[in-house]
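Quick mapping for you: the protein sequence lines, in order, are chains A and B. With UniProt numbering as the guide, the letters of the first sequence map in order to residues 1 to 191. With UniProt numbering as the guide, the letters of the second sequence map in order to residues 1 to 191.
If you are wondering where the hints come from, they were derived from the structure by calculation, not from laboratory data. Where hints are given, some of them may not hold.
The list treats identical chains as interchangeable, and a pair is accepted whether it falls inside one copy or across any two copies.
[What the hints assert, rightly or not] As a list, the in silico DSS-like pairs of lysine-lysine whose alpha-carbon atoms are at most 27 Å apart:
hint, residue 1, residue 2
1, LYS103, LYS67
2, LYS87, LYS139
3, LYS161, LYS103
4, LYS137, LYS87
5, LYS67, LYS161
6, LYS137, LYS171
7, LYS137, LYS151
8, LYS173, LYS139
9, LYS33, LYS171
10, LYS49, LYS8
There are 2 protein chains.
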Amino acid sequence: MTKKGLSKKERQERLKQILSDDPFLNDEELAEKFQVSIQTIRLDRMELKLPELRERIRSVARQNYSKVRSIDVKEIIGELVDLELDKRGISILETTQDMTFGKTRVIRGDIIFAQANSLAIAVIDANVALTGVANIKYKLPVYAGQKLVAKAEVTRVRGNKKFVFVRIFVKQKEVFRGKFILVSLDDEVKQ
Amino acid sequence: MTKKGLSKKERQERLKQILSDDPFLNDEELAEKFQVSIQTIRLDRMELKLPELRERIRSVARQNYSKVRSIDVKEIIGELVDLELDKRGISILETTQDMTFGKTRVIRGDIIFAQANSLAIAVIDANVALTGVANIKYKLPVYAGQKLVAKAEVTRVRGNKKFVFVRIFVKQKEVFRGKFILVSLDDEVKQ
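Bound-form chain A, shown alone (with noise of 0.2 Å):
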């Protein structure tokens, strides 16, 4: 936890510091840490010249889009963060208004199961990736402007079928998860 009553000098080592230890925070949250509003955090980036997550989030992604191999990187929902191949894959999905059910402000639970659905088969080695069977459960409602924080770890390959179990958080709160087995064609078989 980071105190108030820092100088503005050490409160930006100490932002600079954070950003690169997780570059993934948004202004709001770099707010709460510092118990500070969020106007003076984007002054500090302004000045620190820091861009803003969604800039840090891009640049971080163009990196992983190159190793995916069974999904147009375009239809992944979400910005790929990390990707290994067939262990491990993290995307992080800024929530708008339109991704809304109009009636309850609460984030559609299809565009949830879209980013997961997508990092699920994106961690996927293989030509293609279909998903076969999917075990999901929304925890906690999502609203718009909050960030998804998407985990897929791929827990067992049986033959072509590979299991990848997603959990998604809103500021370390888990709100979905999801078990996926997806099947998984190979070069020869494409063609």
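Following the hints, complete the assembly by docking chain B onto the known chain A.
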């Protein structure tokens, strides 16, 4: 089964009959039934002034949209052609190329999930319904152009939890099934 060798007049009589029994057959399915070309079916429909599938679906769907309580009707993926609140519902989705994974020509899993999920919500008789759990299985790949008929049935009610079983068919073959548990919020809670 309708056999070849009918006169044009006989075919058109049977066509009217068949479409009044099942208004949701598309031209391709009708052509198969009569063992004639799709073009022949189109000409028959024009002579008989029978609208194309999309129009037939919409005119039926219009009657159902006013019954829906739990979701904005424009958020339902597919057209709602049958609805009895807290009992059952049917929606039809005509798939298109832009719903596919570019790599595979197969309709994306999140699209099929969205049809099932939004139908499961629509059948609930409450002001608001949110998906809690879904256990789903993709049984056969679906290709662009195929018509998805989703059938939902409310199988159990436990307090504010409603269990909905959704099956999706392409030409009577089951391509997807899912068990959903929805949490409904009634009028008081919404205020």
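Which of the numbered hints above does this structure break?
Result: no hint breaks.
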